[in-house]
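Can you make the complete structure from the sequences, with help from the hints?
Protein chains in written order, with this note's numbering: chain A, 1 to 307; chain B, 1 to 307.
It is worth saying that the hints were derived from the structure and are not from the lab.
Hints may be right or wrong, so weigh each one.
Which copy is meant is left open, because identical chains are indistinguishable; a pair holds if it fits in one copy or across any two.
Stated by the list, open to error - Here are the simulated lysine-lysine pairs, DSS-like style, with alpha carbons at most 25 Å apart:
hint: 1; residue 1: K42; residue 2: K20
hint: 2; residue 1: K188; residue 2: K138
hint: 3; residue 1: K57; residue 2: K288
hint: 4; residue 1: K215; residue 2: K161
hint: 5; residue 1: K259; residue 2: K205
hint: 6; residue 1: K188; residue 2: K85
What you are looking at is a predicted structure, and each value in this text was computed from that prediction instead of being measured.
Protein chains: 2
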Amino acid sequence: MSLLSIGTVAFDTIETPFGKAERVIGGSCSYIALAASYFTPKVNIVAVVGDDFPEEKIQVMNQHGINTEGLQIKEGEKSFFWAGKYHMDLNSRDTLTTELNVLADFDPIIPESYQDCAYLMLGNLTPQVQQTVINRLKKRPKLILMDTMNFWMEVAMDDLKATIKMVDVLSINDEEARQLSGEHSIVKAAKVIMEMGPKFLIIKKGEHGALLFHKGEVFFAPALPLEDVFDPTGAGDSFAGGFIGYLAKTNDISFESMKRAVIYGSAMASFCVEKFGPEALMNLTQAKIENRVQEFIDLVQFEIVLD
Amino acid sequence: MSLLSIGTVAFDTIETPFGKAERVIGGSCSYIALAASYFTPKVNIVAVVGDDFPEEKIQVMNQHGINTEGLQIKEGEKSFFWAGKYHMDLNSRDTLTTELNVLADFDPIIPESYQDCAYLMLGNLTPQVQQTVINRLKKRPKLILMDTMNFWMEVAMDDLKATIKMVDVLSINDEEARQLSGEHSIVKAAKVIMEMGPKFLIIKKGEHGALLFHKGEVFFAPALPLEDVFDPTGAGDSFAGGFIGYLAKTNDISFESMKRAVIYGSAMASFCVEKFGPEALMNLTQAKIENRVQEFIDLVQFEIVLD
Chain A
1 MSLLSIGTVA FDTIETPFGK AERVIGGSCS YIALAASYFT PKVNIVAVVG DDFPEEKIQV
61 MNQHGINTEG LQIKEGEKSF FWAGKYHMDL NSRDTLTTEL NVLADFDPII PESYQDCAYL
121 MLGNLTPQVQ QTVINRLKKR PKLILMDTMN FWMEVAMDDL KATIKMVDVL SINDEEARQL
181 SGEHSIVKAA KVIMEMGPKF LIIKKGEHGA LLFHKGEVFF APALPLEDVF DPTGAGDSFA
241 GGFIGYLAKT NDISFESMKR AVIYGSAMAS FCVEKFGPEA LMNLTQAKIE NRVQEFIDLV
301 QFEIVLD
Chain B
1 MSLLSIGTVA FDTIETPFGK AERVIGGSCS YIALAASYFT PKVNIVAVVG DDFPEEKIQV
61 MNQHGINTEG LQIKEGEKSF FWAGKYHMDL NSRDTLTTEL NVLADFDPII PESYQDCAYL
121 MLGNLTPQVQ QTVINRLKKR PKLILMDTMN FWMEVAMDDL KATIKMVDVL SINDEEARQL
181 SGEHSIVKAA KVIMEMGPKF LIIKKGEHGA LLFHKGEVFF APALPLEDVF DPTGAGDSFA
241 GGFIGYLAKT NDISFESMKR AVIYGSAMAS FCVEKFGPEA LMNLTQAKIE NRVQEFIDLV
301 QFEIVLD
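Written as structure tokens, this is what we have:
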């Protein structure tokens, strides 16, 4: 089924203890679309860049089957730019620069050819823009997945809650779940957040895996213990792209299917962090992805027969 | 098979954001023995207390089938005492008081009736004392599991490494694994530590679960997401007690069996943290333990059929 992803397409300059990458392709929509492209051939994006964004980077997306008809290119303006530096443990980072540029007044225009999308991925952006996209679709998609971050909880909580109310699946990290709910216990936080609207909730714990909540049920997927992690940038978005890409491919949104989607999402995130920026998402194959998923299966497999 | 556990038997005063418990039974050996007692009827302990340790607390252990013949009671001396206060997130704590008392010159005497033990659990103690216990056993046990902590890495690294070399399984937390190995990556740390001697390595990640390493293989067990965690004290020891208790019960030390043992250990730890001190380990039943293990099975179960 076709997938529409919105979010940012940007330049990132990333510094980690292991090196530095200057002005690589970044932004939530880039990672989501690249990760999802391995699952479904119909990935449409809505985003905005300036005329400084190189044509060949757009062609790379197109080569991955990503439809960039909805990618606005603003003449005489500059693309969103983010620079950050990770600390030694890679779990925390300092933002060095944030230049909104074209993002400041982004008006998400949906091409007519996108109107039939069954799966909608709202990558991290202003909640107001996320909501506008939902409102501009003539038919509600079968499934809406929303990603967001703590920043919007601080500056736009009302907009954020109004948008959360409209989606089926919300994806946030553990600290954001605590902030959004006011509960320290992740289990209690999940209950509070699901009362805000979403029927499914994904709580990402970075190197500690991810939890999927639905009604009284909970599923846990570990992160793969990796020998080397070079750059965590985009891991959450790669997860989301793999997750919704798998759902769009199978067109099965049962809880059992979502559990599998969490594993595929975790696999895509595990590739992402092994190289700088989105580089690791550029040259994957189905065989590599299946081998990685097999590693997840082996990692948690045990057999206990209870009386 | 019979199990011998050494470690501390002590008084703890514990303060968490949810309350305070004064002078409850504490110490690594207490938690290990109580947790293991649900798996094997032959739990022997070697430890030391002062004459301030109440007879009825020893009887509680005996009622759980724990053989206290090797528990030395030092007349005119005081038991080991620890007081600590947990921070809001329960992941970190301040030690308020440590009174070694009888522990300062603990000489671990092994009763003759313990000499046939097949499973040896070295609870957290001076590495030198742990090593003395191994040396005083006439026959090497089938399996030796050692738990330790960062403190010994700071004050007795040589002794620690010499003891680690003698054991089959080492159990430490993620920060300790990094400190012991000098490697930040847990996967690299595990390789370095297994080269020090142990064929199996357990890396505990608290609320984020535990990893079991063996040769090139790795198994991950999640922690159960709990609505309320009251007191993390003794969680690692309860884990170790459940782990080695399960192995002693089944007398199967294959990697597959150890994976199951990690799940049973995680189940015992999940009970432990739900109440203050070792209270939750006092009144468990086989049915409660099996229900808890079923929760772990449900938590990680998914089905993916790869081509």
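Okay, the hints, checked on the actual structure:
1. K42 / K20: Intra 33 Å, inter 58 Å, cutoff 25 Å: neither.
2. K188 / K138: neither (36 Å within a copy, 52 Å between copies)
3. K57 / K288: For K57 and K288, only the intra-copy Cα distance (24 Å) is at most 25 Å; the inter-copy one is 57 Å.
4. K215 / K161: within (19 Å within a copy, 48 Å between copies)
5. K259 / K205: both (16 Å within a copy, 23 Å between copies)
6. K188 / K85: Cα proximity of K188 and K85: across copies only (24 Å, versus 33 Å in one copy).
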